[in-house]
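Q: Here are the chains, one letter per residue:
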Amino acid sequence: KAGVTQTPRYLIKTRGQQVTLSCSPISGHRSVSWYQQTPGQGLQFLFEYFSETQRNKGNFPGRFSGRQFSNSRSEMNVSTLELGDSALYLCASSERGWGPYYGYTFGSGTRLTVV
Amino acid sequence: DAKTTQPPSMDCAEGRAANLPCNHSTISGNEYVYWYRQIHSQGPQYIIHGLKNNETNEMASLIITEDRKSSTLILPHATLRDTAVYYCIVRVQGGSEKLVFGKGTKLTVNP
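In order, the protein sequences belong to chains A and B.
For the first sequence, this note's numbering assigns the number 1 to the initial residue and increments by one for each residue that follows.
For the second sequence, this note's numbering assigns the number 116 to the initial residue and increments by one for each residue that follows.
Some hints could be false.
[What the hints assert, rightly or not] With beta-carbon atoms standing in for the labels, derived distance ranges:
| hint | chain 1 | residue 1 | chain 2 | residue 2 | range |
| --- | --- | --- | --- | --- | --- |
| 1 | B | 154 | A | 59 | 21 to 29 Å |
| 2 | B | 134 | A | 39 | 23 to 31 Å |
| 3 | B | 143 | A | 57 | 18 to 26 Å |
| 4 | A | 62 | B | 144 | 33 to 41 Å |
| 5 | B | 178 | A | 3 | 15 to 23 Å |
| 6 | B | 128 | A | 13 | 37 to 45 Å |
| 7 | A | 17 | B | 130 | 43 to 51 Å |
| 8 | B | 134 | A | 61 | 39 to 47 Å |
Because the hints were derived from the structure by calculation, they are not lab data.
Given the structure is predicted, the values throughout are model-derived calculations rather than measurements.
No residue lacks a Cβ here, since even glycine has one placed at the ideal position from N, Cα and C.
All chains should be built: construct the whole structure from the sequences, respecting the hints.
A: Right, dumping it as structure tokens:
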């Protein structure tokens, strides 16, 4: 079974630009979550999608948005990039997102550098 | 904020058991203890979870105290590849609860 695939692996953008990151979950997984990891703040939850609906959102400004498609693939978008948005962005997928234990499987992340 | 407290770093000799402690004194009755680890430049990897009973799988053992206020992750025979940051997380099993990561413990396994 293929794992969680995130593309691109690395990205360099300029302040003020926008960026779109992609995540393909494990086949059959319907829940996709996004996390931001920085040296100062650690791993922080951005949002979670299940069956194309955002179910939970972290404490990030509206510049951070996401969506999920009918095939469970997800994208996150950051508009008007700031230097502080430089981070590793991680995507995690799980089968259902509730009930008896379900595992989160993380991708390797997209390393975004804003210059 | 994370509901867990872990030592920032620990060392362990290769081949010996690594015992990683975690305090979660405010854990609720319906919250589980989860452990993940993150090897450098990779995404976090699930290790094990439990509610109140001790648990064991092919990767590790989880010992939860009777009052559930603390737990210990045990890697029985640590290898160099176990060098990573280990995160202890408490969360409700159900709904769409997010994972709240603390700073974790950086475990270094030495040859």
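Q: Give a verdict on every hint.
A: These are the hints, each one checked on the structure:
no. : hint                        : result
1   : B:154 with A:59: 21 to 29 Å : holds, 27 Å
2   : B:134 with A:39: 23 to 31 Å : holds, 27 Å
3   : B:143 with A:57: 18 to 26 Å : holds, 22 Å
4   : A:62 with B:144: 33 to 41 Å : holds, 36 Å
5   : B:178 with A:3: 15 to 23 Å  : violated, 30 Å
6   : B:128 with A:13: 37 to 45 Å : holds, 44 Å
7   : A:17 with B:130: 43 to 51 Å : holds, 50 Å
8   : B:134 with A:61: 39 to 47 Å : holds, 41 Å
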